[in-house]
Amino acid sequence: MTRTARELAQFLGAILEGDSTQKVAGIASPESAGPEDLIYVDSPKQLDRAACSAARCVIVALEAAVEGKTLLRAPNPKLAFAKAAAWLLPEARIVEGIHQAAIISPQARLAAGVTVGPYAVVEDAVEIGAGTQIGAHCVVGRGARLGERCRLYPHVTLYAGARLGARVVVHSGAVIGSDGFGYVFGDGRYWKFPQVGTVEIGDDVEIGANTCIDRGALGATRIAAGTKLDNLVQVGHNVSIGEHTVIVSQTGISGSSTVGKNAVIGGQVGIADHCHIEDGAICGAQAGIPSGKTIRAGQTVWGTPARPLEKFKEQYAWFARLPEIGEFFRRLKARFPDA
Amino acid sequence: MTRTARELAQFLGAILEGDSTQKVAGIASPESAGPEDLIYVDSPKQLDRAACSAARCVIVALEAAVEGKTLLRAPNPKLAFAKAAAWLLPEARIVEGIHQAAIISPQARLAAGVTVGPYAVVEDAVEIGAGTQIGAHCVVGRGARLGERCRLYPHVTLYAGARLGARVVVHSGAVIGSDGFGYVFGDGRYWKFPQVGTVEIGDDVEIGANTCIDRGALGATRIAAGTKLDNLVQVGHNVSIGEHTVIVSQTGISGSSTVGKNAVIGGQVGIADHCHIEDGAICGAQAGIPSGKTIRAGQTVWGTPARPLEKFKEQYAWFARLPEIGEFFRRLKARFPDA
Amino acid sequence: MTRTARELAQFLGAILEGDSTQKVAGIASPESAGPEDLIYVDSPKQLDRAACSAARCVIVALEAAVEGKTLLRAPNPKLAFAKAAAWLLPEARIVEGIHQAAIISPQARLAAGVTVGPYAVVEDAVEIGAGTQIGAHCVVGRGARLGERCRLYPHVTLYAGARLGARVVVHSGAVIGSDGFGYVFGDGRYWKFPQVGTVEIGDDVEIGANTCIDRGALGATRIAAGTKLDNLVQVGHNVSIGEHTVIVSQTGISGSSTVGKNAVIGGQVGIADHCHIEDGAICGAQAGIPSGKTIRAGQTVWGTPARPLEKFKEQYAWFARLPEIGEFFRRLKARFPDA
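Chains as they are written, first to last, in our numbering: chain A, 757 to 1095; chain B, 757 to 1095; chain C, 757 to 1095.
Don't take every hint at face value.
Which copy? The list can't say, so a pair holds if one copy fits it or any two copies do.
Unchecked claim - Straight-line Cα separation of at most 20 Å, SDA-like style, residue types lysine to any residue; simulated pairs:
1) K1067 <-> T1014
2) K1067 <-> A857
3) K834 <-> P1079
4) K1089 <-> P1079
5) K1089 <-> R1077
6) K1069 <-> I1038
7) K1069 <-> P1079
8) K1017 <-> A1090
9) K801 <-> H1030
10) K1067 <-> R1077
No lab work stands behind these hints: they were computed from the structure.
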């Protein structure tokens, strides 16, 4: 949708400098932008990228200077750009209408404007909120409930009874509500512990491609509103994740652990069972949190087993000097053989 | 199915105390249980949870005391609960009948009671044992063979020729029999090493969502009876895994490695190629087993590169003291500058 | 296809010794081979395996001796075997013809010899090159382009606009072109950063099962010709990977990082954002490359944070001796309490 710089400034609450009638029709990186594409730069080092760009309208920080452009000044240019993009670009539709090659149970209830792609299967007693899009090949199991304006890309599987809030986005290959990994050993074999709980996903959650979220064993697995999961993440049974938390690709969270709100969990982090990652904690990439451990609110941890970042850095700096320490140790040992 | 406490006690071989006519119709956690739900507690600390529960019938340890409940005493309450759950709850069916929108080759042989969900594809020369359920959207490739009473959830892919024993459970998105990752570099490019072997899954194996098991290159990839794989696990070509072994989420096992029976492999473990994890070995979460290494039977290892747990703990305790050692080293160095 | 030893020798440029009329009809491992199967051995230790095999024709190194066999001598027997296998074995077809239960947009353009399996969905404006096979249940999104002779196994998802070169092989469950993981935090919640870029896969790339490759945010994610990705690999937005690079299972590459050509990335490696892995670098399994780090051309790194292999080995050797150093430190401390 084409807007003027003035309209954009008003929408963003940004300070406008330059040609307020400048048209903005799309977004781009500085290098690939055309004249009517909006761009942004958020560090002084990148001002040159903006200056050299064909784009006529640039979102910049409050104090930045770029010659010959229409400027939209905002305290957080990247944030303003993200908001502008969502406003300018119509969200690409996953599927239009209800495809005749979708199989929808007569016992399912679809609200107004629901669309369902080819070969999708919607089982009995499913409820789907208004405007939700179910991509091609999705399977929505018995009794699952989805809120309004969810977006399921092709090949998503919701096991029976899974519950999604409003505006949940699920990427291809994600599996929600599969059995948790629980067995009891006895009589020389493993017996399956019942995995009959539920899974509840809050509003505005986004779930990456091929990510797996197990149902609870007896209780629920819960992911609260606004939380974002990257691709190939594993969420075990009875895990609870708070609001507005970010979990990067290939991280695994074992059974019954909790992650608070506003936490940041890096890529390939391993959180063992019954851990508590409190609100606002940060776990660096590849960190390993041992079973039952608590990471305090706001703490940043690193390494395996995870420890506070400062400690990790200090220990690691000495680790790097180990050969030097070791050699000195060898010489001292020769000098004090009786020690 | 509703049972009495007496019937349950008989089935479990448990010692009954209290009202033997008490009806039990389901299972639950102590907190969510209704009067006719069975619950269990397995540590003295949890007896209060049982006492406060609405459940009237509780599985407890031999020596435990809970007032006002009908007790089923068993040496391993969690195991008894798992067995009771399997007995009380009818296994949820994945699919009923053979859906008209399934494509089944006339050359496939389906035994009695096989069910196939919508949009499933069963190719030529497939053999499927009695009572097996093929979920919606599964693809069963040419010549694959499945034993009796297997359960394939939606979106499982079996490549041509994959073989599954009886009662194998496969969760959504799992891929069984894909090409192994084998190439030979020559003339400036990679040439594919032939990946034309087989994959054989034993009875009672359970395979998690989005787990990948590659076929053998020339020989076979084998997973023996009773072994359980969590979600997002990778099993490379020509790997062999013994009976009753447990492999937690996101672990990867590289080509030609072997894992014995009754082993426990934690989450995110990396086992390089040509390793041997012997019977009963335990690999802690995130452990890394270097190429060609053997972990002896019954040994517990930790860390990367993996070493025995006691050694890991000792080394790690000193690692945590490195800053202190380093400071002392600095002072000694000043005192013995010629050392 | 049956060949004679002479034909094979000519094709491979190998030196023939023995019966040039010996027929070769297949390939196998020495243990499972029949008389007309070709085998190879590439180390002196394995010559016995060849000698005991039923196979009559063996590819061996230039200097190796095996009694009673027809020998094909090549400088790299494994490479010669891989080439011979590709020549002898017809590539198994994924799908024949265009299945009537495939949904192909009238706006899609399919070149000669394209085959499409049951329940595959090919959306508007897709272009597919000659001889490409689209497996059952694949979803090829709007505007995607595939070159000649690609092979998509069942259940592959290509998001809108994905571009694949010629002879690209994609295994089941792989997702190409999903949204990158990019958000901006503001006003107490995460805002999606636009993920509207492209993904471009070069010729002869192979992509493993359940691997995820995100589209660029504004620009492109690129994987160059001849590169091979194993199963469950994660490639973030705007990543660029050069030619003939190998990436083992469960490795993750975060946004905007680059990997050069001829690199080897082991399994479960984590490459944080904005890293540069230069040409020919080798990252050992489970290595962790911190954000923004460069690994120089040809360097081999290990560990987290990754460091040169020799340094890792030296530091690690001293790490294993830490208990000994620590004890000596304790005794010295007693002897020099004032230090």
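Give the relationship of K1069 and P1079 under a CA distance limit of 20 Å: within one copy only, between copies only, both, or neither. Classified as both; 17 Å inside a copy, 10 Å across copies.
Quick one: K834 to P1079, C-alpha cut-off 20 Å, is that within a copy, between copies, both, or neither?
Neither: 45 Å inside a copy, 40 Å across copies.
Between K1069 and I1038, at a C-alpha cutoff of 20 Å, which is it: within one copy, between copies, both, or neither?
within (15 Å within a copy, 25 Å between copies)
Intra/inter-copy verdict for K1017 and A1090 if alpha-carbon distance must be at most 20 Å | Cα proximity of K1017 and A1090: none, with 55 Å in one copy and 48 Å across.
Check K1089 against R1077 for me: Cα-Cα at most 20 Å, and say if that holds within a copy, between copies, both or neither.
Classified as both: same-chain Cα gap 18 Å, cross-chain 14 Å, threshold 20 Å.
Inset, instruction - Go through the copies and call it for K1089 and P1079: within, between, both or neither, with a Cα cutoff of 20 Å. - result: For K1089 and P1079, the Cα distance is within 20 Å both inside one copy (15 Å) and across copies (14 Å).
query = Is the C-alpha distance from K801 to H1030 at most 20 Å within one copy, between copies, in both cases, or in neither?
reply = between (45 Å within a copy, 16 Å between copies)
**Prompt:** How would you classify K1067 and T1014 at a CA-CA limit of 20 Å: within, between, both, or neither?
**Reply:** neither (24 Å within a copy, 30 Å between copies)
field: Copy assignment of K1067 with A857, given that the CA separation must stay at most 20 Å
entry: neither (58 Å within a copy, 60 Å between copies)
- Query: How would you classify K1067 and R1077 at a CA-CA limit of 20 Å: within, between, both, or neither?
  - Reply: both (16 Å within a copy, 10 Å between copies)
When held up to the earlier numbered hints, the structure conflicts with 1, 2, 3, 8 and fits the remainder.
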